[in-house]
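Under this note's numbering, the residue at position 33 of the sequence shown is numbered 76, and the numbers go up by one with no gaps.
Keep in mind that a hint or two might mislead.
[Unchecked claim] Each computed SDA-like pair below joins lysine to any residue, with the alpha-carbon atoms no more than 20 Å apart:
hint, residue 1, residue 2
1, Lys47, Arg118
2, Lys148, Lys176
3, Lys97, Glu70
4, Lys46, Lys141
5, Lys148, Glu158
6, Lys141, Lys97
7, Lys109, Gln185
8, Lys176, Trp145
9, Lys141, Leu83
10, Lys46, Ala86
11, Lys172, Ala131
12, Lys141, Ile111
13, Lys148, His128
14, Lys172, Arg135
15, Lys97, Arg73
16, Lys172, Phe71
17, Lys109, Arg135
18, Lys47, Arg174
19, Lys47, Gln185
20, Lys141, Glu158
21, Lys141, Ala131
22, Lys47, Arg69
23, Lys176, Pro146
24, Lys172, Ile143
25, Lys176, Arg165
26, Lys109, Gly74
27, Lys172, Val154
28, Lys109, Asp149
29, Lys109, Glu77
30, Lys172, Asp149
31, Lys97, Glu158
32, Lys176, Ile111
33, Lys47, Ile140
34, Lys172, Glu184
35, Lys47, Lys141
36, Lys148, Glu173
[To be verified] Taking CB as the label site, the calculated pair distances span:
hint, residue 1, residue 2, range
37, Glu98, His144, 25 to 31 Å
38, Pro138, Glu159, 38 to 44 Å
39, Glu113, Lys176, 28 to 34 Å
40, Ala110, Ile143, 30 to 36 Å
Rather than coming from a laboratory, the hints here were simulated on the basis of the structure.
All C-beta atoms, glycine included, are put in the ideal place defined by N, C-alpha and C.
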Amino acid sequence: MMKKKRVMFLCTGNSCRSQMAEGFAREFGRGVIEAYSAGLAPAGVNPRAAAVMKEAGIDISGQTSKAIDEDLLGRMDVIITLCGHAEALCPRTPPEIKRIHWPIKDPVGTVGTEEEIMNAFRRARDEIKERVKTFCDRYREQTTKV
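Produce the entire structure from the sequences given, and follow the hints as far as they go.
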């Protein structure tokens, strides 16, 4: 049986991008990824993020916005930051923890009609979906090679 890779997705508020990434990692990484998310200043799960994830068939409405737990952070295999603020301010981690940065534009600050705002959330969701799926697929391939 393969060891699950522990992955934490970080952003500032743990309200949108990191929540989406956690939801996709739980789906695409089933059996190989143990997914977590946290933020520098937790702000609650954004209802628009939950709505666009539901459109994609993934329910994140039961997830909660969490602050970074440094003990838990230190037990991760990979930390993926989704915004420059989290990348710069994430606490130091041991060198054996792989750090990855995915600069995903934050849809939360989008100004416009409701449709324009929702499209910004969908764009972020779709970009995160592709990155998480590729990440999970690559890890699954690495662990199944003999």
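| Which hints, by number, does the structure contradict? | 6, 7, 10, 11, 14, 20, 26, 27, 32, 40
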